[in-house]
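Chains A and B are the protein sequences, given in the same order. If you're matching positions, the first sequence starts at 1303 in our numbering and goes up one per residue. If you're matching positions, the second sequence starts at -8 in our numbering and goes up one per residue.
Everything labelled a hint here was simulated from the structure, so no lab data went into it. There could be a bad hint or two in this list.
What the hints assert, rightly or not - Residues on chain A that point at chain B, a partial pick, calculated with CB under 7 Å:
id	residue
1	ASP1418
2	LEU1462
3	ASN1465
4	PHE1467
5	ASN1476
6	LEU1477
7	VAL1479
8	ARG1541
Where a beta carbon is used, it is the ideal one built from N, C-alpha and C, also for glycine.
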Amino acid sequence: MIPFIHFLNILLPILYLGTFSIYFYDFMKGEKKFINIKRLFIFITLLMHLVYLLIRTSEFEHPPITNVFEIFTVLAFSITFSYFLLELITDIRGTGPFIIIISFVFQLISSMFIVDQFAVKEVLKSNLLGIHVVSALLGYSGFTISAVYGFLYLNLYKDLKDNRFGLIFNRLPNLEVLERLSFYSAVLGFILLTIAIIIGVIWLPQAFPGFSFVDPKLIGTALVWLLYAIGIFTKLFSRWRGKKLILLSITGFIIAIFSTILSNFLSLSFHSFY
Amino acid sequence: MQLIAVSINHKTAAVQLREALHLSDDEIREIIIKAKDNFIKEGLLLSTCNRTEIYGIPVSSQITHQQLQNIITDNKNSITISPENFQKFTSRESLKHLFSVISGIDSLLIGDNQIFKQVKNAFAIAEEMNFAGFLMRRVFDSAIRVGKRAISETAISEGAVTISYAAVQLIEKIFSNLSKKSALIIGTGETGEIAAKHLRDRGIGRLALSNRTFEKAERLAADLKTAVFPFDTFKDHLHKFDIIISATSAEEIIISRSDVESAMKKRNFASMVLMDIAVPRDIDPAIKKIEYVFYHDIDSLNIIVEQNLAKRKDEIPKVEKIIDDELDSFFEWYNSLQSAPTIKSIREHFDEIRAEEVEKNINKFSSEDREKLEIVTKRIINKILHHPTTELRKINESGTGAEDAATKMGIIKSLFGIDKPEHKEKT
Chain A
1303 MIPFIHFLNI LLPILYLGTF SIYFYDFMKG EKKFINIKRL FIFITLLMHL VYLLIRTSEF
1363 EHPPITNVFE IFTVLAFSIT FSYFLLELIT DIRGTGPFII IISFVFQLIS SMFIVDQFAV
1423 KEVLKSNLLG IHVVSALLGY SGFTISAVYG FLYLNLYKDL KDNRFGLIFN RLPNLEVLER
1483 LSFYSAVLGF ILLTIAIIIG VIWLPQAFPG FSFVDPKLIG TALVWLLYAI GIFTKLFSRW
1543 RGKKLILLSI TGFIIAIFST ILSNFLSLSF HSFY
Chain B
-8 MQLIAVSINH KTAAVQLREA LHLSDDEIRE IIIKAKDNFI KEGLLLSTCN RTEIYGIPVS
52 SQITHQQLQN IITDNKNSIT ISPENFQKFT SRESLKHLFS VISGIDSLLI GDNQIFKQVK
112 NAFAIAEEMN FAGFLMRRVF DSAIRVGKRA ISETAISEGA VTISYAAVQL IEKIFSNLSK
172 KSALIIGTGE TGEIAAKHLR DRGIGRLALS NRTFEKAERL AADLKTAVFP FDTFKDHLHK
232 FDIIISATSA EEIIISRSDV ESAMKKRNFA SMVLMDIAVP RDIDPAIKKI EYVFYHDIDS
292 LNIIVEQNLA KRKDEIPKVE KIIDDELDSF FEWYNSLQSA PTIKSIREHF DEIRAEEVEK
352 NINKFSSEDR EKLEIVTKRI INKILHHPTT ELRKINESGT GAEDAATKMG IIKSLFGIDK
412 PEHKEKT
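So here's chain B without its partners, still in its complex pose (with noise of 0.2 Å):
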């Protein structure tokens, strides 16, 4: 198979590199349309913040990786690129790729489930600009249902692997249900901000923000549709909240053990989630003695966050073997794709042999020995294409690599003189 890619990723090259080779989905649609024709007949071209790679079937033998390299990388001038910065795939590889890239075992984080919508946009931008053909659209179901085995066969995307994501896994141990609990965040920067949206995502019941800044926290809030309290005011308000995340950048505590007390108290001892998720701490640590009081900081949010990396880590080798399936799958389809013309090939060839024989020779016969001449020539052709015949289509049916099978029907060819310029010009 003719399927070439090359991969700039989060393995292969630093941060700085990877962002200044990311496209937007407009400079993809403006890559394609350049590409298309050129250097590729079809193929696809995805770039996320992690990796930026294309994947094409080459409109010639000619087409180098170096080529479909210059193409994600011609209009970037001032960066330099060493060779190491890019992987090449060919063949069964890149679709291995592929396969391993949508279902999360290549990303920077194992199992994010993420790239898989990423993918499917690429394929949906490759299918818009008439950069999908017969085999991408092949390529893309394998690959889409590679994905999806592998998030619902395996454990590889489950459990948390961010600290933001580690704190709602752990409020939900405590909780059943958000829906009916309130969440106060302090703090709204970059931190404050993920932790307040994967609350909100999780349908938290009532939201609230307070931030040093009250301007700052009133742009968030009015993206959330949540409220707000002025941060000299906010410890009047926590005993009315059961979830309390505060990641603000201050040097000392803002939260102290009696506040908290004073707050358990007004709560009649309801269970109430702290979570500290700033550095330094903003929560005095003592407030775990108190019962009822659940108070968990970045460290122990990283425990979490290990183990599940840890587990998803170990669901690796049943995703490979999803992978391994998917390919054996694709190439025995693919594979008949080969053989079918081939074996077609093969007997016209012989048929014209027989053919042109029996026409030479038709006039030495008897006017009644002539329909027997023909059925008689024809039973030998068959008899001698048999085994060949029956030959080529074990490789379909065994599945066998692409270029193993290329390389049977290639000698079948070359042994009878298929294909060669000569037979076309006699067909």
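With the rest of the complex left out, here is chain A (with noise of 0.2 Å):
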């Protein structure tokens, strides 16, 4: 299996690359022969890194979570998968590109860096844990699906002001269409990332008995929670929307990917396992 598993490694992202390619293709060229052959791909790829996902849990018997790399794949399947069904559900399918390209990224530094791993911490091997990274993950996929459509809804409002009125304006679904796509998602985000936090707050005493609350991943993580709440409860009770609400998403979502970087691989975190 272990060849396998290698083999898959390195398919992964050429099959996102290749899913990224076409669905970037269709979004220049807008040809109607390629809506239903990128959805293919798309499938396959997604059923592909399931099959990875899984034998890697079976072959190393334990979920892939418990380095940073590990999360990445599953970050990059959880993405891919999220936006799948959002195109499934709307079928709005001149977004792909934009949202691929993140899940290849994810996935390509995964499969560079990735190691067999058999042994894991004694501290990672908790039912409580695979719970909260895998709603995390999602919770991340989210924010981070919320991030791209907000970007693309600045690039369409800053189009449509200049009267430009090129491939964004010709190929993405309109602003209000854009700036629902992204609050959905970050509402999404925000509950998965709040369930995330409740399990680790339940497991965090019992795991790290001397852990500190001004550790910078939990900082961190708690601002990302503070910033989403602020927009979801300013979008639903006040009358904030559209350029400001992006803005706060895309904000969080760059203080996610910061408070990541700083905890995992600068290890000032005991949230760091790798």
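Could you fit the two chains together into a complex? Lean on the hints.
Below, the structure written as structure tokens:
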């Protein structure tokens, strides 16, 4: 099985690149003939990725969530999977390349640095941790998709204001739809992150008795959670809309990325497992 | 194929001449009555604001394009027509022209799908007047298929190519559901009226009009069942609308930046689209600096129109490919009609000769050999005719052009004297 895992590890970035390429080509050309082919591509990529994650879990006897490169491959899968569901539900097919490219980057980094890890820290062998990580990753996927739609909103907004009627104008859905997609993705991300935080708070004292509440990871996550909470609250109960909310969502996403880098790569946090 | 056609259209004649030759549905019916049996066995008469054309199978080969042209111009004595005002088509070219017309690639506004409905209407009149026979019905079916395929398989009709449609296309890039939006049209001249009708067609939730001449706005409002605001108070209502289209003939700015700023405050900066399709402009362009205000004038709408027209032009080769496919398919069918009777005639001709010779010489054979004689002579005829029959069938299968097929069949008939009067007399 190990050689097959290695083969899939090489194949996955290629599949993501292929899927991205066909989505990007379709975005540039806008030809009807690729509409179904690109959906087939994304489906095959996700299927192969799911097989990879399942075999990896079975072979190494732990879900691939114990180090940052394992997490990256799960993140790549969950971002594209969330987008795929969104595409099926809304039938909006023109925004794929902007999201799939992110999965490609995560998968490429993962494939380059991931190692065959049989032994994991005792602290990571917990069911609560599994739920915590999965909900956190899906939450961050929601924030990623929200930020991408936010970015596309800002571009279309600017083009419409400046009378530029190019690819962005011709291929993207309208401003209201982009704003809605960004908002709903953020709400979903927020709910999942809230679940991850609650589980984390329950699990944390058991796993790390000496943890500190001023840990960079906890501060970063709290800040991200607070930003999205403000955004959702002001949208629902106040009159914030459009650019303000979008900028909030993008800021939340950037803080989430920085928080992950700080805690995992610079080993400044108890949350660093690599 | 004996289909001939003449056409006066936007490529060959100025608008005044086209208008003069435009025919109402009733006029078309009258002309069909005159043309039927005298000039044309079956056919089609199409008249729109950009073209008037007649297609038909002539009652004899002596009928000329000029006679067909006269059918259209006979009752229009006051106009002067020069030869270059009419295009003339014969056989495959006639059909190709009809296919180009119905697919929109011959239209003034390339890809205009109005023409599809107009051609269908012309077909309906031909049917109603018993002007559509066996052949023309097949022509109609093929033409309709070309029109449908052009729309579904290419982007020839996609994108707005008029200012009013471009305005709607732009609005739809901002708002997702027009049924939940409201629009105010200021100025109910032709442009304003078209814009109002487009918005109504796209399902706008609430529509209101305002015009300097209140009665004129009221008349249009009655047609469209909308509200009307007096011109001097419309500014008080600006904030109530998501879309404002201004198309007045005012010489000065009628909506200033401060008007829009005030409206936006009242709307709590909910997005607002302002389309200025008047010349000179009605709305101060400085409003585009206000957040969530989308301002577009006729120049920016023209950019969209030009882009879409260019895209439609790029689609023409794809439509031409569809036309060629359908032409081939039509002539494959048509040639099969032509060659099947030819094969039958040749076989009958040879069998007659065989039977005649057998009859003449039958007494030279014994009674037991006579049956063998029948079998042997039939086998000889079959062997002789095997190759020519196969070749004729190949004409159908290969979909060779009508002229080529007709030539080949003509040679065969001429060589064997088939269909000649003396041959017919014999049979």
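Hint-by-hint comparison with the structure:
Given the 7 Å rule on beta carbons, the hint for ASP1418/A is violated: about 48 Å separates it from the nearest Cβ of chain B. Checking LEU1462/A against chain B by beta carbon gives a least distance of about 5 Å; that is within 7 Å, so the hint holds. Residue-level restraint check for ASN1465/A holds (minimum Cβ-Cβ distance to chain B is 4 Å; threshold 7 Å). For PHE1467/A, the interface hint holds, since its Cβ comes within 7 Å of a Cβ in chain B; the closest pair sits about 5 Å apart.
Checking ASN1476/A against chain B by beta carbon gives a least distance of about 5 Å; that is within 7 Å, so the hint holds. Because the smallest distance between the Cβ of LEU1477/A and any Cβ of chain B comes to about 5 Å, under 7 Å, the interface hint for this residue holds. At about 5 Å, the closest approach between the beta carbon of VAL1479/A and any beta carbon in chain B falls short of 7 Å, and the interface hint on this residue holds. Look at ARG1541/A: its Cβ gets to within about 5 Å of chain B, closer than 7 Å, so that hint holds up.
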